[in-house]
Structures are given as structure tokens and as C-alpha cells.
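Listed below are the residues making up each chain.
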Amino acid sequence: MTSIVIPRPEGYARPRSALLDWLTTVDHKKLGILYLYSTMFFFGVGGILALLVRTQLAVADNSFVGNDAYNQIFTMHASAMLFLFIIPVWAGFGNYVVPLQIGAADMAFPRINALSFWLVPPAGILMFSGFLVDGGAAQAGWTAYSPLARGLGPGMDLWIIAVILLGVSSTIGAANFMVTMFRLRAPGMTMFRMPIFCWTMLVTSVLQLLATPVLASALAMLYIDRNFGGAFFDPNGGGNAILWQNIFWFYSHPAVYIMILPGMGIISEVLPVFSRKPLFGYKAFVFATMGIGGLGFSVWAHHMFTTGAVLKPWFGFMTFMIGVPTGVKMFNWLGTMWRGSISFEAPMLFALGFLSMFLIGGINGTFSAAVPVDFALHDTYFVVAHIHYVLFGGSVFAVFAGLYYWFPKIWGRRLNEKLGQAQFWLMFIGFNLAFFPMHLLGLDGMPRRIATYSNESGWEALNMASTVGAFLIATSMIPFIVAVIAAFMRPKDQPNDPWNANTLEWWTTSPPPVHNFDDLPEVHSERPLFDARQSGAGH
Amino acid sequence: MAVTGMRRHVRRSLLLLTVALFALASIGVASAQVGTPKPITDEAKKIEDLWIFTLLIAAVVFVAVEGALIYALIRFRKRNDELPVQTHGSTVLEFVWTGIPVLIVIALFTYSFIVLRDVENTAAAEDMTIEVQGFQYQWQFTYQLNDLGVNADPAASGEISVIGTAAEEPTLVIPIDEPIEFRLLSNDVIHSFYIRDFLYKLDVVPGRDNRFVITARETGDYFGQCAELCGLNHALMRFKLKVVTRDEFDLWVAEQTGGNGESAVRRAD
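Residue numbers (this note's numbering), protein chains in the order written: chain A, 4 to 542; chain B, 360 to 628.
Possibly wrong hints are sitting among the right ones.
[Unchecked claim] Covered stretches of chain A, as calculated for chain B (at least 3 residues, CB under 8 angstroms):
1. 32-44
2. 271-282
3. 300-311
4. 316-324
5. 357-367
Because the hints were derived from the structure by calculation, they are not lab data.
Ideal Cβ positions, reconstructed from N, Cα and C, are used throughout, including at glycine.
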């Protein structure tokens, strides 16, 4: 086994002050870390807002926060979690991991990459500054349905501008990821030898590139409606209230896959490593990912069955169809573990949490694809349960799988295993306690987005259970934070490849040098490090 | 020796698996029974049948996949440093587990398509139409006196109007055993007219004339609520539903109109 030595230009890194370096860096690793820090910060903020929501709903007829504040709080919870946490956190992982996994020295456009990141914090500040203006922050839900959103205070404008900025960030980021993966792969790495996380980032990028500009157009129209006398969405001025929903969901349904596909990619890196087998059906998995991405553009109106304005059988059928490639993935993950040699380190635990909970999120979604059943379930807590089984049970578990898995590579230290296990079990139990009762509440007729419910409704016990679960989830963050602090107090001691992993990021040092690789192994399969171990090569 | 160890291991795995499956199955059964609405219309009964069918398939898929997952975790956990056989996939299996979901999807879609066709009825000319006006943040129910269903007098003029206020939820009164059309109107923002025990909701969209038809089959007191975020007091947009016999309905109409055909506006009290 030979390796390829990479030539390096002189004076690649000029010494700068640490602060200036972080502020001006175009290094994909540093930008990735900045992404991770800022998105985890917004995860915390969104989490605190969720606790306020759950406190308000813990008991019937509660007045812990008023209706006005409640609408702002749940709107900002969803906006922070979706736009400022889950979408950009994948850009964070992608930034750090994709160039390393394909054996590149950096992203294709490092300066555009820096711009992508530096749009995120101002957008977050702008969105949250709504709490300081007259009328408060955005309060039309993260879906900002018009004409409701048309008549709200200036916090809504701040929200619109923030989401447009975030859209620009992810659109140019998407182009960057695509070019990086198309142009900068290591010698020997064909597209079908690319690590599966890269594939999911690639399909996600395509979705972002095609869908995000559509959202920007909707937001621009809403801004015109609100500020310049437009009437795109106002039937009294000749507009159409349903138009907003069509355009919004044309973006936001693919966006759901933008929010979950990279998580599936992380799981597909972790499961093979901790089962000591290759991913079962690599190509089928790639095609299933593309299938989900493609179908993702044909199902948007399943959010609109109760508007009476969409072709229900078509969108119901296409929504059911999404279950097919998703099922293929599920079976491939099972096939990966089958006859494997499974060990249960923290990254694997979170990956397994993803599998078992995302399964529920997939299954409870089919109820809403059966259009008449959706008439009953739409806009109830059943749907809130569904979205959280997908985006928390799925995406958030995948985020922690990724953090525990790549922490040694990114920071050169390993997170404490016992604390990781404690976090997993607290989070797993808290998650189910928080979100499973919501299925029953939804069936029982509790609409989503209500600030309070009456004592006669009979919804109190399940709501209290859900609130206890939410606080348990919050508690589960304590072992994580302790583990991170403890890790940073120790020296960097991690070898290149602490997990016996498969992909190129584990070939270089932990953390990698500025230029990433001094040399690269030859790539003959999607598991170059496995091949190197088998042939006795390596460092 | 090795055989006994293996057998003990298999027995323990099976026990764990049984416990796990039992726990999961009871969750499934519990979710079918707890908090299920009571379908009080013909349409709701069909929707409930579809719901149960979907739930059964969901339960089977859930138990099968989650069971396979738990089995794999126990059976294939790491015992030594030996590298397992490196299987890369199987085209046959990929076709099988693409095919099975396709069949499930076709079954679910076909049944839901049939139910969709059955529950989306249009009203006949003689059916009663109740106009539902959603506004921030209550409802108004309007009955035309010449459009009250079977006993309607086509020459009658005037209307009965029930308006909810912030202090008092309005009551929607409908007769049993006859098709009733709801016409949903809004002049401000989007609302959604949702009655849990109809298993149905339809959005009230400004600029649209959304209608649906149901036939109630159970008398009694029920509730409804706005299901689309519509602003500050969205949570308080609740109303009551009273399903009564035709005689009781006629009596209620007479009360509202004071016995003559004059128009009457009644505030919820």
C-alpha cells in the first residue's frame, strides 16, 4: 500500500493573534468549530424557550406566560431550532468533516465559506432582537402563515430578514459543498467511493440550492405585503392566502429532509464502525438518499390537506412513497448490524437512539399521509409528536452521535464515556416521556399552538407528563456539559484513529494540521482506512 | 458445555425480546384506546376504520423492525476481537425490502383513497347549510330559516345567528340523522373549524368558500376549537356542539325565532 504525499506551499499559515485568527479564518475546520459553537448556543436558547412552553402547558388554565408572550415563545423556539440550530449544525459538521473525508485541504471556496458562517450570528441576533421591539418577536409560528403574518408588529420584519440571511448562508454554502465534493476528492475516490456522510451532505446541498431561493421569494413577497402595500397573500387586495402556503411548503418540505439527511449520514458512519462491518447496501443507500431528495419536492401540499385547495390523492400517494426509500435505509442499517460485532460506546448509543426513535417518526408520519386520517390529526399535538420524533428523536440524537464520534478528531480529546452513557439514557427516557404523550393528546383533540387549555378538556395529566419529560431532557444536558468541560481540562491525547474507523478524516492527526494531510492512502473503496489496516499499512 | 452456554444465551435473548415486544405492543394497544375520539358521524366512522387499519399496519411494522433491532443488538454484540464477515449487501434483499414497503404503500393508499371519496360528500339542494364565520377570536353560526333541512319552509325569511364572545363560547346546534353542510367563511385570517368527534377539520380561509357535509349519528354534547394559529387569543376560540333529535332542533329553532319567522340574533348567554 503506497501513500500519496501532498505538496504544500510555503508560508501557508502566517502567525496572527488568536482572536483575529478566529474572526478572519477561512480554514474549514475553524469555521466548522465556529458553526458548532454557535448552533449549539442556539440549541440551548431554543431549549430554554421549549421549557417555557412546557411550563405554561403543564397545567390547565395556566397564566405563567400570557397568550401574547406564548405565541412569541413557541414561534422563536421553532425558528431557533430549525433555522439557527438544526440546518446550520449540519453545515458545521459538513464543514469540518467533508473536506477531511474526501482528502481535501479545504472547501472549494474558503472565503465564501467564511461568509456562509458569518451570516448566521447576525441573523440570529436580528431574529431575537424582535423581543426588544414594539409588539414583540415574531409570533405567527415558524410557518408564518399569511394573512396572519401580514398584520403583526415589526418583530415579524426582523424575522423575515433573518430567515432571508440564513437562506443566503445555506444557498452559497450548498454551492460550496457541491463544488468541493465534485472537484476536490482524493485520487482514487470515485463518487461511489465517497463516504456516505458526504453523499447525504451532497443531496442536502442540492435540495438547499433548489428550494431555499423559493423560500426567499416567498419572504420577499411577504415583506412587500407588509411594508409596501402589496397583496400577494391578501384576498382583500386580490391576492391568495393559499399561495403563501404553497410557496412556503415548496421550500419547507424539502427542508425537512435538509434537516434529517445529514443526520442519516452520521448514523451511517457510526453504525458500520461500531458494528465492524461495511454499510450494508452502500449504493442502495445512496439511491435511497437521492430518492428521498427527489420525492421531497413532490409532497409539499401534504401540509395543506385541510385547506381544501390541493389535489389530495396525489400528495397523499407521494407522501406514502417517501416511506419506501426511508424503509430501504432502515433495513440497510439493520443489515449493517446483522452478524456484526456490535459495541456500545456513546456515539453508537446515540445512533441506536436515532434508529429506534426515527422509526417511530417514520411510522407516525404515515397516519398523516392517509388523507382522511390527517383531517383528524392535522394541526393537533399528534403532528407535534411526529415532528419531534423525526427532528429530535432523529436529528438531535444524530447531532450527539456526531459530537461524541468526531470530538476526538476535532478537539483531540475524548468525551467521558460514563457521562455519555448517562446523557444518552436521561435524554432517551426524557424524550419519550416528553413526546409520546403528545400522540394521545393530538388524538384527543388538543390543537397545537394553543397557549392554554381548559380544565374540562382532560388533557392535564398527559401535558404534565410531557413537561416532566422536557425537564428530563434539559437535565440530560448536564452530563454533556460536564463531559465537555472535563475533556477540555485534559491534554490532547487522542491518536489519529481512536475508533478503528473507515474514512479518511481518521488518517490524519487529531486534530488535523492546518493543511489537513501530509499524505493520503490510496483509495480503492469507500473504506480506505479499513483497507489500509487490512494490508498492514498506516502510520 | 459450549452448547449449553449457547442455549442459555438464546433463551435469555428470547426472554428479553419477549419482554420488549410485550412492552411495545402494550404501548400500541394503549394508544389505540386512550384518548381516541368518539366518531359521531358516518364520515367519522369511516375515518376511524381507516385509522385502525393504519394503526394495525404501523404496529406490525414497528414491532417487526424494533424487534429485529433489539434482537440484533443482543445477538450480535461484540464478544471478541474477531472481525465479522464483511458482507457488503445483497441485491435480492434490496429488492425484497423495497418491494414490501411498496405493497404496504399501495394497500394504505388504496384504502385511504376509498375513504377519502366516501367522506367528501357534496350537499343536496334540500340539505341544511349552516354558515360558519370564523373571526379573531370567535365563531358565528348562521342558519337561514328557509334552509333548515327536512321541515324547512321555503317561504320563510330571516336567519338565526349565534355569535360567540370572549366571555361566552357559542353553541352550535345540529339535528341528528340528516346531512348537514357547513360553509366556512373568514374575513380576517385563516382559522380551522375542528370538531374532535367528527374526526374532521377544514380550514376557514379568507377568499375561499370551503364546504363539507356530515351526517351525525349520536346525540350529545361535544366541543370544537380553532385549529389554525390565528393570533393572540387563538387558544380561546372554542365552541360547543350539541347534536339533538329533529324535534328538539325544531323546538330550538322556534325558541330562537319566538315562534314566528322573523329574524333573530341571539348572543351566546
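**OP:** Tell me, in ascending order, the numbers of any earlier hints that this structure violates.
**Re:** Hint 1 contradicted; others consistent.
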